[in-house]
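With chain Y's structure known, arrange chain L on it following the hints.
There are 2 protein chains.
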Amino acid sequence: MKHTKVKDLLNSTTTLQEINAKGWVRTFRNNQFIALNDGSTINNIQCVVDFENTPDETLKRITTGAAVSVTGTLVESQGAGQKYEIQVKQLEILGDSDAEKFPMQPKKHSLEFLRENAHLRVRTNAFGAIMRVRSVLAHAVHTYFQEKGFVYVNTPIITGSDAEGAGEMFKVTALPFDNTPRTEEGKVDYKKDFFGKETNLTVSGQLEGETFAMALGQIYTFGPTFRAENSNTSRHLAEFWMIEPEVAFNDLEDNMDLAEDFIQFVIKYVMDKCPEDLKFLEGRLLEEEKSKPQAERSEMALLEKLNFVLENNFKRVSYTEAIDILRNSTPNKKKKFQYIINEWGADLQSEHERYLVEKHFKCPVILFDYPANIKAFYMRLNDNTEPGKETVRAMDILFPGIGEIVGGSQREERFDVLVEKMKALGIDEEELWWYLDTRRFGSAVHSGFGLGFERLVLFVTGMTNIRDVIPFPRTPGSAEF
Amino acid sequence: MKHTKVKDLLNSTTTLQEINAKGWVRTFRNNQFIALNDGSTINNIQCVVDFENTPDETLKRITTGAAVSVTGTLVESQGAGQKYEIQVKQLEILGDSDAEKFPMQPKKHSLEFLRENAHLRVRTNAFGAIMRVRSVLAHAVHTYFQEKGFVYVNTPIITGSDAEGAGEMFKVTALPFDNTPRTEEGKVDYKKDFFGKETNLTVSGQLEGETFAMALGQIYTFGPTFRAENSNTSRHLAEFWMIEPEVAFNDLEDNMDLAEDFIQFVIKYVMDKCPEDLKFLEGRLLEEEKSKPQAERSEMALLEKLNFVLENNFKRVSYTEAIDILRNSTPNKKKKFQYIINEWGADLQSEHERYLVEKHFKCPVILFDYPANIKAFYMRLNDNTEPGKETVRAMDILFPGIGEIVGGSQREERFDVLVEKMKALGIDEEELWWYLDTRRFGSAVHSGFGLGFERLVLFVTGMTNIRDVIPFPRTPGSAEF
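Residue numbers (UniProt numbering), protein chains in the order written: chain Y, 1 to 481; chain L, 1 to 481.
Honestly, the hints are just simulated from the structure, not real lab data. One or more hints might be untrue.
Copies of the same chain look alike in the list, so a pair counts if it fits in one copy or across any two.
Said to hold, decoys possible - Computed cross-link-like contacts, DSS-like style, restricted to lysine-lysine with a CA-CA straight-line distance of at most 30 Å:
1. Lys268 / Lys7
2. Lys335 / Lys83
3. Lys273 / Lys148
4. Lys5 / Lys268
5. Lys2 / Lys268
6. Lys197 / Lys187
7. Lys148 / Lys5
8. Lys315 / Lys375
9. Lys362 / Lys60
10. Lys305 / Lys389
11. Lys148 / Lys2
12. Lys192 / Lys5
13. Lys5 / Lys421
14. Lys268 / Lys148
15. Lys2 / Lys375
Next up, chain Y with everything else stripped away, as it sits in the complex (with noise of 0.2 Å):
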């Protein structure tokens, strides 16, 4: 008998002869009331066994934890908080587990733990939803770039170049430590390795992007990225997924319009996939927050959040107005900053981009127009600033509770301007003589962003630890699993 998901059971709009479940014990009450949950769902359905007529040895093993295949009717519930439950007529164990050592008991553990037991914690209603999440979300992403006809480019992982610039990168290798093959002068040679070259995980997919976008007109990569950055913290991994959409023809302003329309449909699309599940990870953000002094909890629960970010537009405001603001804000002139910023030119820290979302703005912020210097070599340079002001064409969104949750630009399309900058920098123009073809051959505006997925994935949950959104967080010291 094919088996019936637990959450297609509690949508059904009658009641149902002969049905079979199958899932796992959360709790089991009085010796009669299995919560069966099969992961289809955040929901339970209650299974009322038939314990008179039940051997003891059967009901013993009905343990948290434990897998079991309960066969019966389905029927309107008598008790409240449910519509339906299952009349048990036939329970099969079919895998026990051993109630003092299972460790997802049916009580509070503590994230810390759970992260431990990064294998068993999705068994848990919070990591149940909010890998549900995660996934509708993950969908949400492709949908709305391939209904805008987006072609989807899967970006190398494993690259040659290491003039990306944007972080510390790993080592991909197939040569042994001992025994490294040596050139006559001594150095590696890496001409022996997989590659005959020095190879690295990506950091970005960007540089490739770019490629395919002037040929396609409108990419997206969607893939893991990697930072070999000893960053222990709260919203950093070594191994995340990064969203990075590649737009030809596209301004900055094009690119802001983008990335604020893509964020409102895929939290959009979320709540409208994944309510129940939202409403369970608002009621947990609402406990967690009890313990916390007032003034550190949310000023806005879950959903609300959520609803501000769709019904708000994002402020679109300059660098250099917001140095202006952070020069003349309170904890400035108080020094309450760690940095205090003094001038133009400063590259801001965490603590000033929160300063600005959440205490001047209180919305979503996108800064733009970023002195040239503190950015990467090819963003756009703007025309006519003053000598020694000079801007790029950068913007940054900063959230509500999470800081950068989105770096983009508009590309540097001119091959000279380019060239200039990047022997400014020391970047090889050799190794990048495929990224400069796009700019000697054809080239024109064009613009992208990256999104790092677990903020997104942070924000939309109400999770405040980036390693509670991933199902097997990489970071400094850890590789569990």
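Relative to chain Y, chain L alone:
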């Protein structure tokens, strides 16, 4: 003025005043007709330049590969082959393309030359079509699983486990080759590496995927996987994308049903969405095969072959039956096979798979119930087999022209049997403690498979070298771009 995509112009239902199009010149004929392409479709739009009123200087710059912006009127075309064309009123050169230097001239290039210019080959008709088809196929994958309620899981790329056993692994490290930290015994001290242990690039997300299936019920992965194997063939890549669904409570029959339904869905999806690209690729294949002897040409044209897969069930054949067929086959008797099949237990080579699929059954074939000792440790041992003839619930799907496209199995759900198998093979139980937990706590029958995405793209596009269906191929000795 906002530009309109070429695809939308060609699909217009009326003529239009004042439109703007942007794209790249494919050809320029008679100083008058630009074939303009912007990647939104394989079709170019013809732009008719008023050459009498256009300066010679500008006309000279309209070269293959140049980026241009044309403003004018969308009118019914007088010429054959297109419904509409643009009567150009204003033309702007956005980016020149030196006709002497641009590698993608409007002539036939070898596939090898195009691989060396992977950043530009996507500006050709064939590679534009391939990359659009690849993108739509990827979306078909997500759409299929999401509509069925599967949860997309991003299993880790960097793995601390080397027990997956699917192939040779690449090392991921932040340690230097010079002055590598060493333990007192002189071994490499991986405790000092980024993750505090030895790490590799994943060869499969299956084991992690199983832990999620045993909580969420139905899951799938779709991400990059790696093999550090020196296989310089037209069917192997060092970096490729794999799709791995895993379903709790599915047995091997359910697994076969899922794989077949899935493949038919995605092929139908791409046929519906990409008719023009596929028609072009069908023509390309016919053209390519003209140079081959009759016997080596495909029996069916591309679309016919795709329809054949949609309309016919895959033939399900046990390994034991397959061995009988092969043993009695003409090439085996005449010793035409490189590896002669003498007895039950032999591992099947590519030549045997091709014989079964292309000569004997002439349709996709699912082989199942393989000898236990030629398959992976996690596959479910069949009950009631003869001693010495133990089989496992494995399945491989073989496609004409491609060979193995899917490998899957029902998993060994019995803790004791699994541990015994691991011991026999010397696989460290300690290292896979988390995998074994799925069998310790609430184990159940479950099954899954892996599908190499590029092999699917090969089949659908009719290309014959796997390096031509991924944007930037990684193979032994090659990691350019």
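As a check of your reading, is Lys273 near Lys148 (CA-CA no more than 30 Å) within one copy, between copies, both or neither? Result: close both inside a copy and across copies, 20 Å intra and 13 Å inter.
When Cα atoms must be at most 30 Å apart, do Lys362 and Lys60 count as within-copy, between-copy, both, or neither? neither (55 Å within a copy, 54 Å between copies)
Classify it for me, Lys5 with Lys268: is the Cα-Cα distance of at most 30 Å met within a copy, between copies, both or neither? Both. Shortest intra-copy (26 Å) and inter-copy (27 Å) distances satisfy the 30 Å Cα cut-off.
Up to 30 Å CA-CA - Lys5 versus Lys192, copy category: Neither way: Lys192 and Lys5 sit 53 Å apart in one copy and 47 Å across, limit 30 Å.
Evaluate Lys5 and Lys421 at a C-alpha cut-off of 30 Å and name the case that applies: within, between, both or neither. Neither. Shortest intra-copy (58 Å) and inter-copy (32 Å) distances fail the 30 Å Cα cut-off.
Can you give me the call for Lys197 and Lys187, within, between, both or neither, at a CA distance of at most 30 Å? both (13 Å within a copy, 25 Å between copies)
With 30 Å as the alpha-carbon cut-off, assign the pair Lys305 and Lys389 to within, between, both or neither. Result: close neither inside a copy nor across copies, 37 Å intra and 62 Å inter.
One pair to classify: Lys315 and Lys375, alpha carbons no more than 30 Å apart. Within, between, both, or neither? Within one copy only: 21 Å inside a chain, 58 Å across chains, cut-off 30 Å.
Is it within, between, both or neither when you check Lys2 against Lys268 at 30 Å Cα-Cα? between (34 Å within a copy, 27 Å between copies)
Pop the pair Lys148 and Lys2 into one bin, within, between, both or neither, using alpha-carbon distances up to 30 Å. between (39 Å within a copy, 16 Å between copies)
30 Å Cα cut-off: does Lys268 pair with Lys7 within a copy, between copies, both or neither? both (22 Å within a copy, 28 Å between copies)
Between the shortest in-copy and the shortest cross-copy C-alpha distance, which are at most 30 Å for Lys148 and Lys5: within, between, both, or neither? between (33 Å within a copy, 11 Å between copies)
Violated hints, in rising order: 2, 9, 10, 12 and 13; the structure is consistent with all others.
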